[in-house]
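Both chains come to you apart, so use the hints to assemble them.
Heads up: the sequence lines are chains A and W, in that order. Under this note's numbering, the first residue of the first sequence carries the number 1, and numbering increases by one thereafter. Under this note's numbering, the first residue of the second sequence carries the number 1, and numbering increases by one thereafter.
Hints were generated in silico from the structure; no laboratory data involved. From a predicted model like this one, the values you see are computed outputs, not experimental measurements. Beta carbons: idealized from backbone N, C-alpha and C, even for Gly.
Distance ranges between label pairs, derived from CB positions:
1. A:Asp349 - W:Gln69: 56 to 66 Å
2. W:Thr86 - A:Glu122: 31 to 41 Å
3. A:Glu131 - W:His19: 36 to 46 Å
4. A:Glu433 - W:Gln69: 51 to 61 Å
Stretches of chain A that chain W covers, calculated by requiring three or more beta carbons in the stretch to come under 8 Å of a beta carbon on chain W:
5. 677-688
6. 707-714
Below, computed lysine-lysine pairings styled on DSS-like, alpha-carbon distance capped at 30 Å:
7. W:Lys147 - A:Lys709
8. A:Lys564 - A:Lys490
9. A:Lys312 - A:Lys302
10. W:Lys147 - A:Lys13
11. A:Lys783 - A:Lys771
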Amino acid sequence: MTQPVVGSRALRKEDVRLVSGRGQYTDDIQIPGMLFAVMLRSPHAHARIVHVDTSDALRMPGVVKIYTGQDLKAVLPPVPTAWIPPDSDLKMVEHPVLAYERVRYVGDGVAMVVADSREAAEDALEAIRVEYEPLPAVYDQRQAIGEDAPQLHEDAPNNVALHWTVGTETEDTFRTAEVVVRQSFRQQRLIPNPMEPRSAAAHYNPATGEMTVWVTSQNPHIHRVLMSGLLGIPEHKLRIVSTDVGGGFGSKIACYPDEVLVAVAARDLDRPVKWTESRSEHFLATTHGRDHVDEVELAGTKDGRVLAVRVKAYANMGAYLSTAGPGVPTILFGLIVNGAYDIPQASSDVYGIFTNTTPVDAYRGAGRPEATYLIERIMDSYAAAIGMDPVELRRKNLIRKDQFPYTNPFGLSYDSGDYHAALDRGLAMLDYEGIRREQAALRSQGKYIGVGFSTYVEMCGLGPSQVAGAVGFQGGLWESAMVRVHPGGKVTVFTGASPHGQGEETTFAQIVSGRLGIPLEDIEVVHGDTHRIAMGWGTYGSRTTAVGGGALALAAERVIAKAKAIAAHMLEIPDEAVQFDDGRFHPEGRDDRTVTFAEVALQAYLAWNLPSGVEPGLEASAFYDPTNFTYPFGTHIAVVSVDTETGEVRLLRYIAVDDCGPAINPMIVEGQIHGGIVQGVGQALYEGALYDEDAQLVTGSFLDYTMPKARFFPEIELDHTVTPSPHNPLGVKGVGETGTIASTPAVVNAVMDALAPLGIGDLSMPLTPPKVWAAIQAAKNLKGGQAS
Amino acid sequence: MEARLSIQITVNGKTVSDHVEPRTLLAHYLRDGLGLTGTHIGCDTSQCGACTVLLDGEPVKSCTVLAVQADGTQVMTVEGLAAPGTAHPVQQAFQEMHGLQCGFCTPGVLMLSTWLVQQHQTSDLRHIRESLDGIICRCTGYENIVKAIARAGELAVDEPAAPAASQREGVPS
Chain A
1 MTQPVVGSRA LRKEDVRLVS GRGQYTDDIQ IPGMLFAVML RSPHAHARIV
51 HVDTSDALRM PGVVKIYTGQ DLKAVLPPVP TAWIPPDSDL KMVEHPVLAY
101 ERVRYVGDGV AMVVADSREA AEDALEAIRV EYEPLPAVYD QRQAIGEDAP
151 QLHEDAPNNV ALHWTVGTET EDTFRTAEVV VRQSFRQQRL IPNPMEPRSA
201 AAHYNPATGE MTVWVTSQNP HIHRVLMSGL LGIPEHKLRI VSTDVGGGFG
251 SKIACYPDEV LVAVAARDLD RPVKWTESRS EHFLATTHGR DHVDEVELAG
301 TKDGRVLAVR VKAYANMGAY LSTAGPGVPT ILFGLIVNGA YDIPQASSDV
351 YGIFTNTTPV DAYRGAGRPE ATYLIERIMD SYAAAIGMDP VELRRKNLIR
401 KDQFPYTNPF GLSYDSGDYH AALDRGLAML DYEGIRREQA ALRSQGKYIG
451 VGFSTYVEMC GLGPSQVAGA VGFQGGLWES AMVRVHPGGK VTVFTGASPH
501 GQGEETTFAQ IVSGRLGIPL EDIEVVHGDT HRIAMGWGTY GSRTTAVGGG
551 ALALAAERVI AKAKAIAAHM LEIPDEAVQF DDGRFHPEGR DDRTVTFAEV
601 ALQAYLAWNL PSGVEPGLEA SAFYDPTNFT YPFGTHIAVV SVDTETGEVR
651 LLRYIAVDDC GPAINPMIVE GQIHGGIVQG VGQALYEGAL YDEDAQLVTG
701 SFLDYTMPKA RFFPEIELDH TVTPSPHNPL GVKGVGETGT IASTPAVVNA
751 VMDALAPLGI GDLSMPLTPP KVWAAIQAAK NLKGGQAS
Chain W
1 MEARLSIQIT VNGKTVSDHV EPRTLLAHYL RDGLGLTGTH IGCDTSQCGA
51 CTVLLDGEPV KSCTVLAVQA DGTQVMTVEG LAAPGTAHPV QQAFQEMHGL
101 QCGFCTPGVL MLSTWLVQQH QTSDLRHIRE SLDGIICRCT GYENIVKAIA
151 RAGELAVDEP AAPAASQREG VPS
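Next comes chain W alone, as it looks inside the complex (with noise of 0.2 Å):
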């Protein structure tokens, strides 16, 4: 086994300090290491987009990220968007318009979806569909997923953002 390396990351909010191999990616590091399993792991060759969360702001799957590579770095997951009993305007847009079923792709989804509606790209359906080029879902047929990234960038206009992850707890240090 290789030697572990120091990392701090800032996860929802949260900065944390821990030691990891150099090989464990991040969301194996989020999963098992942090307990937010809410990330989820769809495939082993970065094409499902399950595992998509907001590195300093931008979306990658964390699949082709390593831990250390996110040292120093923000991390946003799904359990970051919203204090619990809130809902993020993306949260809220994704079940009014049932934009999941089985909900496994979803989590990746909503983080795509936030950097759309943050980017304003939400108003032209056909360029959503474009967007979600990295994501495979297998139950909506995607229908529902444009209309509910269009739906929320309508409620994102509409009201201002949900608190920030700032204040959410749960990630053990």
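Extracted from the complex, chain A is given alone in its bound form (with noise of 0.2 Å):
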């Protein structure tokens, strides 16, 4: 081969049928007597079922049967919720599949309609008659916390489903310390809106008591075990597909009352049934992200050392505990508040506070976009009241090259790095200096623009089992690969990760073609089907090719090992004398005899002379568990303007310097960065879910609730720094999410850095042109009001 593949920009496999219109997402699956299920929610935030009435939407054409909580709670288990964090004493309140007795938030499932036709399950669903007794609501957590506030659920008093602290003693420091900065951040709640919105399509066979449910999911071999318990199915009879899911962002792990219901219909009713939701349905009934309050303190030195950091969250879990939500504000979170900086001291104390919302869970970043976000906030606070500039004082308390691996104060191992480099990159591609006389420039003229820094480092990478074990997560976190050679040489990979638009398809085969050195197209890689796949855990937490990747190389190396046993037969020399490159089998320093891959392949499984104590067939597994999380880090750098006539802000400049470890594909890494970039900055400028004091949501569709758009960006300037990880085989950090978590705190610190020489220090997210404007208003009253 002339080019090496891994690390090549090789063309997405996957795209051939996703521009022609022939990739298979759940909603597309269409089946020979199919039925619709469609979802009656609750118009209340909180409330007593007094009676639901069926009668005359039973009656309308179409409408096969009608399902209410009364009918199910008998028969259907509540939905668990799968992470536990230990010694925080979770309230594992019931979430029952269809309210029977009482709702707790808009959205809130009451009855499912099933009708042969979408339009007439929609038309039905008009007919059900629900009376309602209101209960007051709360939404925020901090009015939730107390025996005030409306309760929502018996076994959780005061609305509290956790308390957990972590970290180091700093009682002292703070008490002695020559600077305590404190600040309070709100980070407001997001929808993650993937384009796809969620589905399900279950079919049920009562012959062979075989259920098959196509969900949108991110992870269906979660799915498989929590189904497999709430439906009452063996895990072997029970296959569930998720092959083209249209984006996840977390929205997707959760399993959800939806699937659930469906299955239930599939096999009550012996017809297939499929439900998809509404965007509208998706803002109220899809797990929501962040929603967090941090109350920081920061204690340092006057010439800029941080001594310590501690944090208090108030993290709002909504009405009930989602698949992962519990671990999201707590371990997710809590172990790494103290960012890429070496603070010798820091602690994390955590409320999860049960409100009348939709329940929150995993969001791109999940827990460490609301970490990084306080530690580089407040970094720039810091600097403020010193009088130091950013910069300095970033490369000054950043974890140095020769610490790794770096223990941070809460136990975790950061793997390698060399965080200044990253940093000094970055600079060089702004031009710090040259930016900071423009702004100065511009300032005399009136006009503001500011620069704003996020020297990241983030978690991910998700196992090893031991640690989700130790941390509460109901699960193991290694993953699963196999290399399959077939007889004429092609190979299928099978992943227990479950891509949903990272293009593992592509990287996954990159990286066996690489070992097997065989052409990329004779590679297919399959992923999101349980009856294909042994087990898995699914793609989230940046893991999937540190882990899933890991898993495969491990599986590819097994191959290779067998092959050459097979090919040292077939050219008669010892094992240990043959050599494998480039899909060749030859005496070492010898290529005058050779046999190919795919010969080896052939006599695997023909069989006919293989070497004794081999047996035939040519494939392997591997089941990698990762020793350690991987922790890729980097420098994003945002430049903007800020109009105070209007308050609007322009991103101007948008550099990021990330290292992930090597990149397998340069092109798709690229592209996660480019989307997390732009995800990041939604949360800075213009997301936001917003309710009203009866907590109804107000923005509850794509009109009310501001997506990023193409013409908010200028063109994204990316560049890379190279660490490998020594935590997995292939050395790599994965990059799922890390734009999300550096691209928001260096938004929001351009901002504030631009709008300094009015004296606003800070302002909550979304820093839209209103909220920007009203605080500029405010702040030259202030002054007008000070000079007269």
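See below:
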């Protein structure tokens, strides 16, 4: 081969079907005789269900059956959570698949109509009469905590879902520190909005007892585990299929009531049933992200050495515990609030609180964006407090290259890196001195630009499984791979990871191609089908290449080891004398006698003349458990202008230097970073879920919830440093979430830098024009008032 | 249920006659009626553009057009862009520039892009960004969509367009 395939910008194998409309997303499933389900959802944030009358609806044309919470409470167990952080006193409240006594948020499921068309089901939905007795509702977690607030669950007094503390002693340091900075940050609630709405279709065969559920899942095997328990169908009879999934961003991790209900109906009615949420339904009934209030304190010296950081976090859990919800504001947040800095002492004190809102679960970054935001924002405030340049402050406190592996105050072991090198690279791309000169010149003309930094690190590549167990995740975090070589020498790869846009059909083929020396087009990657893949844990937490790719590398090595033994026999030389390169086996140092990989594959299956002790066939599995998390890092820099007349923030430049280890496919890595950055900027400037006083979601559609658009952005400038992680065979660190984690504070820091001359110290996200304009007006009035 | 109305639409070069409910959206008719599931539905307020098709050559959001309104028109969906095994310059450009990730918004983006290429509106990157205002993509950050559209414009100049959709089959009548 002329050019190594690993590290090349190979075009994506999945694109051929996706650009021609030939993908198969869940809602594309059409089975003869299929029925359609729609869900009746509560219009009240909190109410007692007095009576549900389905009699009129049942008489509507095309209606087959209507299920209510009363019908199902005796036959279906509640939806479980799968993350129970230790020592958090987690309240495992009941989450019924359909509410039967009380609804607890707008969107809570009340009934399911099954009809012979989507339209007939929707018509019938409107004919169901539900008598509610409204109860007081609360959406804000700080108002919800306490005995005077409306109480959501009898088992969770004061609405406290969990309380978890971690870290070192900090009290003495804060008492004696030269400088203490205190700040409260609001992490607004976000709505994930992958472009494909959630969907599920189920087909049951009563003769075999086999249930197939197509579902928009990031982790079909986790769905199988949970749904097996809920439906009482053993795993060997339950097939979950999630092949083409249109983005997830965390919102397709959870096992929702909807897919369980669809399966229940398919079994009950002996007909295939499909349900697909509308976008409006997505806003209400698919998990949300973030929603913290973080009270942060930083202790440091006057010359810029951070001594301690501590945070008290109030995390909104929503009305029930979602599948991974409890792990997000605890494990994925509290353990890394020191960020990329060498801070000797740190602690986190986290409350998870029930409110009358949509349940909160992972959303791209999940906990780490919240941690990164608070440390990156308070570093800027500290810099301002001691009159030090924010870059200088970062340089002084970043973990040094010679400190790796670095153990942070929470016991995490950061793998590897050169954080200063990424910072230096970013500064060179920016021309930092130049931008400060321009800023000063513009300020003298009454124009405001700002530059903001985020020198982030994150932990991802979730496992290992031992740690998963220690932190209360109710599953393993290893990954599986199988490499099956066919008699003709072509290869099928089966992975337990479940990509849904990240391109692993290509990057995984590259990994195998690089090892086996066969062309990319001879390799097919299969994912997202529990009947074709033995077991796996799915795609989230930027784990797929680090863990799933690690498993694949091991499986490929096992195939090579067996192939070598067969090749040696064919070449009539000892095993150790065989050399394998570019898909050919030959005696070491000689290439006048060779056998190809395809020839070995054929012999493995013919088995006419195998070495003694070698079984026929050529395939290998690996179940790979990494030794630790991975820690991608980098420097992101935003340059913004703020129009003081309108409050509009414009992103002028965005520079990102990321280190995710060696890239398998740089084109795909760049794509992940682009998308992540825009999503993180969405939080900084545009997005935010709002509830009114009755806990009604006000931002319930794309008309009211601002999604980032193409015209909001300049071209993004990317570069990389490359530091392999020692924690997996590929040295990769993960890249799916870095952009989102890094970009939000970079942009907010830039806006605050622009507004610093006006004396505006902090604004809560999103930094919309009305909010920024009002702050500028208030600052001007204050200054005017002082002057007069 | 309301009485069905008869319609005749030419979809990807093939004329179909059918009876549809007056309320049936073109997007639902294409997907459920004709099995052309390449056209995706990403929202219910005409914001996301995933369902964009060409109606008599103009990009429209097919969730905002009733099937009966499409009576007598020519509709092109993503399935009609190129014959199987071939690629339209827009499809080729999106692959080359990594202009898609999960692929869900892609069919609509491709149809809008096809129109932009036909209108010779692909030379200015800022203009492309403005032209994408009716599209929401959550994966790509738009960066490579913009580059793919510019690239498609170059490819369309370099080589004649792929065979028209009229040779396509697969639409039940």
